[in-house]
Every structure is written in C-alpha cells, then in structure tokens.
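Chains A, B, C, D, E and F, in that order, are what the protein sequence lines are.
Its first residue numbered 1, the first sequence is counted upward by one per residue in full-length UniProt numbering.
Its first residue numbered 1, the second sequence is counted upward by one per residue in full-length UniProt numbering.
Its first residue numbered 1, the third sequence is counted upward by one per residue in full-length UniProt numbering.
Its first residue numbered 1, the fourth sequence is counted upward by one per residue in full-length UniProt numbering.
Its first residue numbered 1, the fifth sequence is counted upward by one per residue in full-length UniProt numbering.
Its first residue numbered 1, the sixth sequence is counted upward by one per residue in full-length UniProt numbering.
Source of the hints: derived by calculation from the structure; they are not laboratory data.
As the structure is a computational prediction, the values presented were derived from the model and not from experiment.
A portion of the hints provided could be inaccurate.
What the hints assert, rightly or not - Simulated pairs of lysine-lysine, DSBU-like, Cα-Cα distance not exceeding 35 Å:
hint, chain 1, residue 1, chain 2, residue 2
1, A, 225, A, 184
2, E, 108, E, 184
3, F, 47, D, 47
4, C, 184, A, 84
5, F, 225, D, 84
6, B, 47, D, 184
7, F, 84, C, 47
To be verified - To give an idea of the interface, some chain F residues facing chain E are shown, with a C-beta separation under 8 Å as derived from the structure:
hint, residue
8, 90
9, 152
10, 194
By construction, the Cβ of each residue, glycine as well, lies at the ideal position given by its N, Cα and C atoms.
Number of protein chains: 6
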Amino acid sequence: MTERASGRAADEIRPVTITPNYTRHAEGSVLVEFGHTKVLCTASVEKGVPRFLRGQGQGWVTAEYGMLPRSTHSRMAREAARGKQGGRTMEIQRLIGRSLRAAMDLEKLGEYTITVDCDVIQADGGTRTAAITGACVALAHALNWMQAEGMIVHNPLKTLVAAISVGMVDGQAVADLEYTEDSKAETDMNVVMTAEGNMIEVQGTAEAAPFSHDELLAMLALARKAVNELVEHQRRVIAG
Amino acid sequence: MTERASGRAADEIRPVTITPNYTRHAEGSVLVEFGHTKVLCTASVEKGVPRFLRGQGQGWVTAEYGMLPRSTHSRMAREAARGKQGGRTMEIQRLIGRSLRAAMDLEKLGEYTITVDCDVIQADGGTRTAAITGACVALAHALNWMQAEGMIVHNPLKTLVAAISVGMVDGQAVADLEYTEDSKAETDMNVVMTAEGNMIEVQGTAEAAPFSHDELLAMLALARKAVNELVEHQRRVIAG
Amino acid sequence: MTERASGRAADEIRPVTITPNYTRHAEGSVLVEFGHTKVLCTASVEKGVPRFLRGQGQGWVTAEYGMLPRSTHSRMAREAARGKQGGRTMEIQRLIGRSLRAAMDLEKLGEYTITVDCDVIQADGGTRTAAITGACVALAHALNWMQAEGMIVHNPLKTLVAAISVGMVDGQAVADLEYTEDSKAETDMNVVMTAEGNMIEVQGTAEAAPFSHDELLAMLALARKAVNELVEHQRRVIAG
Amino acid sequence: MTERASGRAADEIRPVTITPNYTRHAEGSVLVEFGHTKVLCTASVEKGVPRFLRGQGQGWVTAEYGMLPRSTHSRMAREAARGKQGGRTMEIQRLIGRSLRAAMDLEKLGEYTITVDCDVIQADGGTRTAAITGACVALAHALNWMQAEGMIVHNPLKTLVAAISVGMVDGQAVADLEYTEDSKAETDMNVVMTAEGNMIEVQGTAEAAPFSHDELLAMLALARKAVNELVEHQRRVIAG
Amino acid sequence: MTERASGRAADEIRPVTITPNYTRHAEGSVLVEFGHTKVLCTASVEKGVPRFLRGQGQGWVTAEYGMLPRSTHSRMAREAARGKQGGRTMEIQRLIGRSLRAAMDLEKLGEYTITVDCDVIQADGGTRTAAITGACVALAHALNWMQAEGMIVHNPLKTLVAAISVGMVDGQAVADLEYTEDSKAETDMNVVMTAEGNMIEVQGTAEAAPFSHDELLAMLALARKAVNELVEHQRRVIAG
Amino acid sequence: MTERASGRAADEIRPVTITPNYTRHAEGSVLVEFGHTKVLCTASVEKGVPRFLRGQGQGWVTAEYGMLPRSTHSRMAREAARGKQGGRTMEIQRLIGRSLRAAMDLEKLGEYTITVDCDVIQADGGTRTAAITGACVALAHALNWMQAEGMIVHNPLKTLVAAISVGMVDGQAVADLEYTEDSKAETDMNVVMTAEGNMIEVQGTAEAAPFSHDELLAMLALARKAVNELVEHQRRVIAG
C-alpha cells in the first residue's frame, strides 16, 4: 500500500475546524477548515420566497459559491469581472443548495428564504465538501436565531448533512483528497450524507480511468466513516 | 410491487432508435431516441486545439448541450435570448464532454478538436443520458471520417460509452425514467459506463428522500443491464 | 440563358415538404423543408400579453429564430454560449414576427401570446423564407387548437402568408436560391406575400451589383408565382 | 387627394442640410438634417482589417448606429446601460454598412478599415435614410483625406449612395415620411439607390395593410426622384 | 512662469458657450462648450421614482454620461457594442448625478424623476466639468417647464452648481485644462461648487507626482474664481 | 462639541491591525482591520503586462475590489451572479490601483503585472481606505518576494501610501468614520497620502450639505495625522 504524500492513513481526514460567529452581520456564520482549505459560510435570512414558490406557505434555502481570486495556487480571473459565473461554480452552488434543502422541512420554515454564501478564502482540495459541511452549521445557527426571534415555531432542520471527497489515488481508495492528490486521482467522488448515514448526493467522476464496482464500494465505505466524524464536529459547534 | 405508469418492467428501458447521418453537413450526425425523448447529436471536426493544450501534440473533445424552446411541456425561454446558459445546461454539457473524453486516447487524435452538439428536439426525461449515448456514435462516425480522410492513422476511440438514468420511484428501483416518473422520483441517478461495464460517472441525487446503500446497489445493477443493451444498439449503428 | 447549377428552371422552386405535428408538446408544430433546408417551427400559446399591450384586449404573435450550431457547412458558435444573439438572427426573427402579425386579427386573439420558434436543423439557403412559410402553418394549427379548446371564438387568421427568396444570379432572375446560388448572387431578395398576392415584406439587397428597375420587376414576378405554389402546400397541410 | 399634415406635396422631401466638418477629430464628419431629423455621421480611418479579411489585400467599411437617449419624443433607455444593442439598432447599422460598401471598390482601399458612426441627435422619422445619405458624404471626405495623406492612390468610391423613406399614408404614396406620418403609414419602405438610379436596398414593410404591385411602383417612383435630389445635395457638399 | 500652450493665463478659462433649447423633445436641453469640448445635456422628466424611493413623497435626479465614439482623437469602441459601460463612464455619471442632487430640494420635486443625459459630441479635456455646468442649466429649464405645467408648485432648485478642472502643469496651478495639458498634468483636480462658493465635490488625483498642501490651496483658489465665472454664464442663459 | 457615538475623540482612528501572510498562495497577503472593517488584500505577481504597455520595458500594478455578499448589514446580490460589477466597485478598484501605482517606479518592476485583490470580509465603513492601506503592505511583501527570487534588482516601491476617511458629522470634523457615522455625515472625504504627507488622492463629497474651505482644511488636518499613524502600522508589519 502506497503511503499518502501527506502521511495520512487512507481513511484519515485532515484536521477539521469549524469556527462559529466568524463575522458579525450574518444570522449564521462559520469559517470551516479542512486542513488548508478554508471556506467562509454565511447564512442570510430574508422575508419572502422566489416567485415560483409564492403563496404556497413554504420557505426556500439556496446557496451561492465563489472563490476569492487568489484562493488558489495561481490567480483566477474574478467572475464578477468576467461578467459571468463559470460552469464549475454553478454546478457547485446547485449541489450545496440541494444538499441543504434535503436536510430541511421547508414548510416549517414558512415564507422565508435563507441564502447560504460559501466563499473560499483558501483552496487546497475539497472546497465543495467543506462548504456543505460548514454551510449546514451556518444554517443551523440561522434557524436558532429565527426561533429566538419568534419567526418560526418548530425547527425545520430534520437532520445534519456533511460531505467528503473520496477517490482512487495510485490504485488505493483514500478519503478527503488534498489538492496534490486530487490533481492526480484516477477517480474523484463527492459524497453528501445525512447524520444517519443515508446518501443525499453521490457524484463520482473517472478522471483518468473508469472505476469498478468494488472501487465504488471501497470509496463509499470511506465516505461513511468520514461523514460520521464530520457530523461529530458539527454537533459540537451547534451545541455551542 | 407497483406497476410503472408506462407498463414497463422495472428494468425495461424505452424503445431506443439511433438514426445515423441525420443531417448532411456534420462529420458525424445521429438522431437518438429513448421513447419520446429525441436528441440530435452532431460531431464537428476542426483543426487546432484550445489554448491550454497548444503544442502538446494531443487533441480535444468537447460537448455543448441545448434544448429547443418548445422541446418541453411548456415553453422555456431561449438561452440565446436570455444572454446566458443556465446552470443545468452547463452541468450537462460538462458531463457529456467528460464522458466522451473518457472513451478517447486524445494523443491519437492529434491537434484536432471535435465538438459534439447535443440539441434536444423533444424532451420526455433522460435527455442527458440519450445525449451521451448518441454523442458517442456521432463521435465514432466522425473518427471514421477522419481516418478515411487520412487525418488520423489509428482510431482514438478506446471503448464505447453509454448512459442511463435510474431511480427510486414509489420505493422501487427502475430504469430509464420518463418525465412523469422523473418528476416524482425519490432519487434520480445518472450512470455513464463503458462497454466493459466500468463506471465513468455516477451522479445520484436524493430528490425527495435520502437513499440507502442497498438502494444504490439496486439502481447500479439496473444501470449495468441497461447500458449493455444501449451498447448493443450503438454497435449495430456504428457497424452500419 | 445559363443553366442553374441545380438543373432547376429559373422559376422552379425546390421540392417543398411540410410535415405537421412533428413534435408532441407544442400547440402547433411543423417541419418545413425547401430542398435540403429544414426548419422546425413550433407555435406555443401562453396566457397574457407583453407589458406594452396589457389591458388593450388584444393578443400578440412573436417569433424567435435560431440555427443549430452544425446546421451549416462549418460549425457556427452557439449563440447561447456567446451570450447574445447576432444581428442577423435578430433581423430574421423580427421579420418572421412582423410577417405573421400581418396575417392576424390580433383583437380576435384576445389576451394570449403565441410564440413561434423557428429552429434551423439544416441550412442550404432560404432558411428565413422556409421559416415564415412553415411558421404560418404552425400558427394556423395552434389557432385551431385554441378554437377547439374554446379559448377563442373566431379564427384570427385573416389570410395565409408565405415567403420565397429570389435573386439575380449570373444576370438571370431565379427563384428559391440554394446556398451555392445565394453565395454568388448579384442580388438577393426575400419576398413575403399573402395568399391574395399582396406584399407584406420586400427586402432586396444588392450583394455584388446594384439592380435595375426591370430586374426588380422580374424578381417580383418569380416571387408571386412561387408564393402561389407555397400557399397551395400550406392549404393542403392545414386542411389535414 | 388628402393633404399631408406637413403641407408638403406627395413627392416633396423635407429641407435637407448637410454640414461638413461638424466635428474636429474625425477624418470625415457631417451633420445631416432631413427637416427636424438630425444625425451626426463621422468616418474614422484605422489601419488594418477585421480578422476574416486579413491578408487579402482589401479594405473594409462598416457602420455603427445609435440614438441619443432623448433624441426621441420620450426618453429611451441608453443601450450602453442596458448592456446590449437592440434588434432595430443592429438592423439599421448592418443596412448602413452594406449600403456604403456597395459604393466602394474595397481593393482600392487597401488594408484599412473605415468605421462610420451615425448618431441620432434628434429624431423625427427617417433617421436611417438620413444616416446613409450623410454617411456617404463623411466617407467621401475621409477618402479624400486618405488620398491627400498618400494612404491610397485611387479613390475607391465608385458612386454616391443616398436613401429615402417612402410609404403609403392614407392610401397615397408619399416621400420622406416624418414621425407623425411614419406612425400611421400603411406601408413603410426604405430605398437606397446609387447616383445612377440603381437600387442597393429596397426594404418595404406592410405596417397596417399589405401593399399591391401598383403601390410598390408608385413608391419606387417617388424614391427615385428624391434620391436624385439628395445626390445633388451630396455633390455640392463634397465639391466643397 | 511657463506660458500655457494655449497662451491662456493660469487662471483663464476657455471661452464658454451655453446654447439653450438645442434639441426639440427634451424638457431641458443645452449644448455646453468649454473651448472645443462640446457636450449635449438634455433633461427628461418622467412620472415616478426608482423603487428605493417609492412612497416617500420625494423625487429623484440622476444622470447618464456617454461619449460619441469619435468625439475623441482616435475612435473609441462604442459602449453599447461592447455590452457594458466602462468604469470611467460610471464614475463620471455618478459624479454628475450627485452634484445635481446637491442643488435640489427633492421633496419639492414630488414623485418625479429627472434624468439628465450628458453626451459628449467633441472632447478636448474637461468633459465632466462642462457636463455638470451644462446639466445644471438643462435641469433648471426642465424645472421651469414643470412649474409652467403645474407639476410642481415651488422650484426645487436651491442653488446653481458648476464645475471646473484645475491642475498642476509644469509646476504651476492652472484652470480649465484642455486635452494637451490634461495629458501631461502632474495633478488633475475636478471641483464642483455652488453659486455661493461652497464645495460639492473635490476630486484631486496625482497623475505624475503627489501634490502638497500649498498646491491644493492654489488649485482651489483657481477653481473658486472659475466657478464664479461659470455661474454668471449659467445665470444669463437661465434668465433667458 | 458633540461626543462621537463610538466615544472616540474627533481625531482618533479605530484600532488598526494588519495581519501578514494571512493566506498561503499569494506572493503578498494581509488581513487589514480598521475596527470591525476587515479586508483581505492579496498581491499576485504574473509575468507580462497588459497589451497597451507591451514592449515598453515597464511593469503594471492594478487592483480589484469586491465585497462578500454578507459582509454588509443586509445581504447584497453577488456581482458575479448579477453579471457585472457595479459603479461603486469600479470606482473603488480604480482608486486603489491609481494609489498603488503612485507609490511605484514601474520601470524598476520590469515586465511584470501585480494584481492586488481587496476583498471585504466584513464592512463597517472605510472599506476603501482600509483596502489601500492593506494593499500597500501586500504589495511591499510581493516586491520583497520578487527581489528574493531575483526577478527584480531594485525595489520599485518609492514610498508607502495609506488612506483614511474623514468627514463632517454633526458639524464637526472627525477621522475614520464607522458605518453609523458615515451614513449620517454631511460630508465624506477619502484622502490617500504618502508617508511624506503629500497627497495622492483627495475625494470629498457633500452628502447632505456643501462644505466650506475651512471645513476642508479641518478634515485634511485630521487626515494627515491619521495617515501618519497608519504608516507606522505599515512599517512595523513590513519590517516583520
């Protein structure tokens, strides 16, 4: 078995930190770190819902994702300056939004919209999985705030969701790929799961070689273990 | 076991038709039909490669996807008129492109770019999986044309790729969801596989309820069987 | 007199086919073919009118036009990807919309909007004239559907409109230019007429040399004859 | 015969003024007035040609058109602020460009591009025909300047082009419609002709009612007479 | 003391002309000239206010700025064609809007919006200061028109505002820089003042070298004198 | 004399922190805090210069500015999602860029471009002045890195620049306005100065009332004192 460049065991995730109340204005705000990957997640509560939901007595949760231009090894053009969000950005923010909505009872939310902004301060692989993991905590905090303010009666959060990247690197299934692993992985898979271990999203992509059924199972097993650990982190921060 | 609205068995895909040489100008052109879903796939060969590949002696395969405004039940705004491609469009065309590249030896292609346009004439669920399945045939035809023209010596196509949607509907795993099933599925999963049964992409999304490990396995089994059948269709058309 | 490359007589149009009910979802849908030129025309009925017409008790008919990227000899960039519709596209869709409205009594339509999408599947000259000719049939079908549904009492279609391109090629007036003729024509003229032989639009452009009054008259005579034939095709299809 | 609101005879055009050297920087610059319609036309000479012409030893002439936001009765949104040029703007600037190129021998121009900007200071109907008429003078001046500078040897201008709007108003053919006539015309037709009386562009549109062959002939006769007068104005200004 | 290229004294501004009623449609319209710099300023009155002001019983004044493509020495790309307004344009139109609002009692205006368009016909330095100076007169005329029409009872104009550029050129403070001075100035400063000599905007920029406190004072003294003269011009034109 | 809401003296700036090496990838990276205002400034070095500078043997420094959507009290729409940068953003990033270039000898930089990204993590007034102050430090660090890498021989930084906002609040000149002061200030002025006390930019805006010459002088005196203090902070961080 090849050793990982990082010295980590195959099933070992990077040190995880979730710092609550990272900024002052948002109703929920955390800085989530998976090793050197740092993402600021803020949850903003607004009255009203998008047009397609009006008058249905339910709320909405959506997400936006962005990378600061120099969060990456070499500078990326600013999407605001280029005048549009790229395909990868759209794909990721749609994924985060779907993942968070899967954890919610939107009828209990009432006609409010919560927008969770996930902005990458520093990238070292796994920004989308860190974002989902942090966003869920920011969302939980915003919901607590809404309850304290009397805006909602029952907490709409049904479960916690967390996410991890797994992959095949040098023929071995590994968890929580950092950038150097990610860029040479044969397969890269992002898994979003609930606290109960059910799957919300599974997105596996053969980057360099197709993957077999057994490899898929090996990666999923790593994902389940990692998500369990991430949910523990989330619970500690939410409990405060 | 609930019967499917269509009367199909759980593992039964819709009638598949792949019509070659559907238009005159493209180097490869097929109309692919999965039941009422109809997608026109054209492969266009152009000299040169994108900037990031120049001088590396390899080629490129990319895809674009679009839906005609009234391919759907109610008319959608034309993306060209709105001034941008939506997130779903970008997500799908990136998926098609990655899937096709996974079937290719890009060094054998030399410094050519093949663009496969997948335009949905009529939609009834499964447009992205039909698109990938048809696009692979259009690509194969274009490569045959290049060989006949002496532009390439060895065929760069390493395998065939095909795709199918599977999902959990009324608690049952089913293959090749049509629109009415898709819109009420608990889980929707798109699987892209090679002719050998290895996985290129697995994208499972819990629409209404998280899915369990066993459900994932049941859906994957259906996908494998369906892809086998699709590859048979592809082979017959390519053999001509 | 030079023979036409196609072997057609100067006043001879290409074989015309109008296939009704080409797709399932639209209220009116035809595939129109002028030789190798193929355009899919779908008419979509929606409740309501644009802002500038609200509360005036009349309806609206508008058109959009697009070319599939590889409908042409060499691939064109997709307008949705470039982020805007080109000048030619806008010019043509405005022309189609005006032509259709000239055939309508918009007060009889009531506060509905009918959008006719004309998408070119394959181009070989004359796409805008084929589009107008097919769009009128799709519109007629959609109006029949509205009457059957009880949405309108009286049919708002006052007449049929059809269109043909005529031009000066090698000093000779010819009808229904195909691509190879179009690209070397001295003058290109598109004529939209009613079933009664009155003119809706006349757009003549000197491509290579100015045209004289006599040449204009010669081209108009060809147009009148061709439109008569096209209207016969339309009538047969509408009669069903 | 109904009298025109303006008191003009049916074939009488508005007072025409062409003021040369209206601004300092452009190589050619005129303010053209057709009654209250005022358009500033500037011709700018630049080295080089667009990509599609490179290395072919010929030049290019193109035009851009714009209306100042309050050139019209009620203020229009500024196109630069809306982020795109509308369909009418594109249609008109393409028309101006084609008209000017029809007057040019582009090989004699050499690898230069001349851009003629036509900006409407005040609109009262006929802005595009005034623009073409003025643009041709600005172009002539720019070509004279190029000859004086030794940039070209032979003058590439083969003829003069001028344009007029004609139409059917209250059942009568009239020339040079002002805004109040234009807005109630049954048919509106713009005719671009050479000094020799040949046609460059004919664009007739039935606004309220189709037009007959005889009406077309009546309108063309008015156009010919008006263009003759306009060419006289152009000649006087160019002769200086 | 170096003589200015223009022969003007350090505190001498260029000949100023303000031509009222320059166009017919706008409620206020002036052509303002500072030497060769010519800007058309039109004020348009519209019922209603922007969303953020609705229901507050006050009005709004805003400005837009543009340069005709060949108002400058070499042709600039048209902003409408590029699809966006540049940073300089936005900066200037925000400046003009703020300056005009500083002269207004917006409550007296009632729920109307006045948009002042400043379009540069010819540029020779100082276009933004000429624009502000002319825009204030166009605004005054529009307000007079509103009073005459009975739309407002009391004139909302509290004072006149005018603007001048000053700068350090060759170590000397000078007023009203023309293009050749502007392009070599060490410091460029735009000052907007009221008729009473108070400051609305001061924007000083070190182009080539930082400026000292004394230089700032010297420039401000020139600005005060110049604005006094400009206000005299404004008063004469408004008095009519 | 009114006391400030914050309890600060009129000339007292908020606690300033400049944290160096805040992120890993950028050649220079600081988090600058003026009280609750927090801006991340990263300097990125790239080979080459913009087109307009090519072949002139000098370098370029430019800046971009952005606010995270929930850096503010209520959430702002993300500029990347809206498809363009607003006028305020453009104005600020142009200001930062000019200020930094004023501190540089661009010929000593050689043909490199340094882009300084200033992203607001949390806003409480004074984001642009904090950004300039932090950006200068990030720039200094990037230049040190270039020297260490042997990319430049002599340090191109001629001086340090720092910036502060000053204003008239309740009739009193105060330094370093926080959000609650800023929103009720009569006048708001941003001053950029060199370490030597010379002025780079002075931008004073009368928000609620014009300002007098004496008020201008009072504000400038506060700015000079504050910039002195900021430069001390910069020096300590750069010295490391």
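**Study point:** Hinted pair residue 84(F) and residue 47(C), Cα distance within 35 Å
**Key:** holds, 33 Å
Self-check item: Agreement of residue 47(F) and residue 47(D) with the hint, judged by alpha carbon distance not exceeding 35 Å
Solution: holds, 29 Å
Please work out if residue 47(B) and residue 184(D) have their alpha carbons no farther apart than 35 Å.
violated, 54 Å
Tell me if the straight-line CA distance from residue 184(C) to residue 84(A) falls inside 35 Å. violated, 40 Å
Straight-line Cα separation of residue 225(A) and residue 184(A) no greater than 35 Å?
Answer holds: residue 225(A) to residue 184(A) is near 23 Å, not above 35 Å.
Given residue 90(F) was flagged as interface, is its beta-carbon under 8 Å from a beta-carbon of chain E?
Residue 90(F) check passes; min Cβ-Cβ to chain E is 4 Å, inside 8 Å.
Q) Does residue 194(F) meet its interface restraint, that is, does its C-beta lie within less than 8 Å of any C-beta in chain E? A) holds, 5 Å
Proposed proximity, residue 84(D) with residue 225(F) (alpha carbon, max 35 Å):
violated, 48 Å
Exercise for review: Identify whether the interface hint at residue 152(F) stands, where standing means a beta carbon of chain E within less than 8 Å of its own.
Suggested key: At 22 Å from the nearest chain E Cβ, residue 152(F) fails the 8 Å test, so the hint is violated.
Could you grab the alpha-carbon distance between residue 108(E) and residue 184(E) and see if it respects the 35 Å cut-off?
Given pair residue 108(E), residue 184(E) is violated - Cα atoms ~44 Å apart, limit 35 Å.
Hint compliance for this structure: hints 2, 4, 5, 6 and 9 are broken, all remaining hints hold.
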